Amino acid sequence: AQSVTQLDSQVPVFEEAPVELRCNYSSSVSVYLFWYVQYPNQGLQLLLKYLSGSTLVKGINGFEAEFNKSQTSFHLRKPSVHISDTAEYFCAVGGDTGRRALTFGSGTRLQVQP
Amino acid sequence: GAGVSQSPSNKVTEKGKDVELRCDPISGHTALYWYRQSLGQGLEFLIYFQGNSAPDKSGLPSDRFSAERTGGSVSTLTIQRTQQEDSAVYLCASSLGTAWDEQYFGPGTRLTVT
Chain S
487 AQSVTQLDSQ VPVFEEAPVE LRCNYSSSVS VYLFWYVQYP NQGLQLLLKY LSGSTLVKGI
547 NGFEAEFNKS QTSFHLRKPS VHISDTAEYF CAVGGDTGRR ALTFGSGTRL QVQP
Chain F
411 GAGVSQSPSN KVTEKGKDVE LRCDPISGHT ALYWYRQSLG QGLEFLIYFQ GNSAPDKSGL
471 PSDRFSAERT GGSVSTLTIQ RTQQEDSAVY LCASSLGTAW DEQYFGPGTR LTVT
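Heads up: the protein sequence lines correspond to chains S and F, in order. When you read off a place in the first sequence, starting at 1, and then add 486, the result is the number in my numbering. When you read off a place in the second sequence, starting at 1, and then add 410, the result is the number in my numbering.
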């Protein structure tokens with residue numbers, strides 16, 4: 487079985503400051519890792535994903551994440567946030583043998599303040 | 411192009427009634443997923459379709475929940491004898507069907523059971 491832990495339910499940050507949203511996973515098989523964003527009153531949108539290869543993954547809107555196998559982490563970072571980045575961010579893991587479903591974390595609400 | 415659409419956007423029903431939720435995936439997407447987003451619970455996988463068959467229905471919480479997909483396109487999630495704990499946002503996603511490709515999410519149906 488796989489699981490995802492997002493340690494921070496809310497992260498307040500000032501505009502133009504850097505941010506890191508933490509994600510740790512648990513899995514006994516190879517993993518595929520994803521970050522999705524949900525803007526208010528909208529559906530989920532893929533930010534980035536790690537399937538294989540380089541452990542540093544760049545996504546849309548200036549976000550990036552680093553896969554760290556030894557620490558079982560996939561933290562999301564952005565060097566300078568904007569008001570428009572205010573949203574709920576979900577980390578997800580896939581790869582469970584024979585399954586195509588994603589297992590999502592409980593989400594982190596990023597609140598960017600002016 | 412058109413994204414994933416879901417209907418209705420909101421549904422209020424009385425406890426014990428049956429409800430049907432509809433999902434129209436992106437044209438050409440062979441894989442379709444249903445998830446449930448409950449307050450404080452994150453997203454839970456319900457069922458996965460590849461074409462018209464459902465190789466993974468392990469997330470359906472009880473036999474009151476069922477889903478079908480016809481013509482490799484539209485899917486309907488049916489909840490019989492609704493309970494208050496069924497209140498949640500039901501999300502549908504579709505993808506091309508190759509392994510671990512991006513899942514595109516619809517806006518969801520908010521179900522409230524009174």
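Hint data in this document are derived by calculation from the structure and do not stem from the laboratory. Small disclaimer: the values here were computed from a predicted structure and weren't measured. Just so you know, even glycine gets a beta-carbon here, dropped at the ideal spot from N, CA and C. Possibly wrong hints are sitting among the right ones.
Here are the simulated DSBU-like pairs of lysine-lysine, each with C-alpha atoms no more than 35 angstroms apart in a straight line [unchecked claim]:
(1) S/LYS555 / S/LYS544
(2) F/LYS421 / S/LYS535
(3) F/LYS427 / F/LYS467
(4) S/LYS544 / F/LYS425
(5) S/LYS535 / F/LYS467
(6) F/LYS425 / F/LYS467
(7) F/LYS425 / S/LYS555
(8) S/LYS555 / S/LYS535
(9) F/LYS467 / F/LYS421
Examples of chain F residues toward chain S, derived with CB under 8 angstroms [stated by the list, open to error]:
(10) ASP473
(11) PHE475
(12) TRP510
Okay, the hints, checked on the actual structure:
For the proposed pair S/LYS555 and S/LYS544, the alpha carbon gap of about 17 angstroms is at most 35 angstroms, so the pair holds. With a CA separation close to 33 angstroms, the supplied pair F/LYS421 and S/LYS535 stays within the 35 angstroms bound. Between F/LYS427 and F/LYS467, the direct Cα distance comes to roughly 23 angstroms. Compliance with the 35 angstroms bound is thereby established for this hinted pair. For the proposed pair S/LYS544 and F/LYS425, the alpha carbon gap of about 46 angstroms is over 35 angstroms, so the pair is violated.
Of the supplied pair hints, the one linking S/LYS535 and F/LYS467 holds, its CA atoms being roughly 24 angstroms apart against a limit of 35 angstroms. Taking the CA atoms of F/LYS425 and F/LYS467, the gap is about 24 angstroms. The hint holds against a cut of 35 angstroms. For the hint linking F/LYS425 to S/LYS555, the alpha-carbon distance of about 46 angstroms lies beyond 35 angstroms, and the restraint is violated. Under the criterion of a C-alpha separation no larger than 35 angstroms, the hint pairing S/LYS555 with S/LYS535 is consistent with the structure, at around 15 angstroms.
A distance of roughly 24 angstroms separates the Cα atoms of F/LYS467 and F/LYS421; the hinted pair therefore holds under the 35 angstroms criterion. Checking F/ASP473 against chain S by beta carbon gives a least distance of about 19 angstroms; that is not within 8 angstroms, so the hint is violated. Taking 8 angstroms as the C-beta cut-off, the interface hint given for F/PHE475 is violated, the closest approach to chain S being about 15 angstroms. For F/TRP510, the interface hint holds, since its Cβ comes within 8 angstroms of a Cβ in chain S; the closest pair sits about 5 angstroms apart.
Checked against the numbered hints listed earlier, the structure breaks hints 4, 7, 10, 11; every other hint is satisfied.
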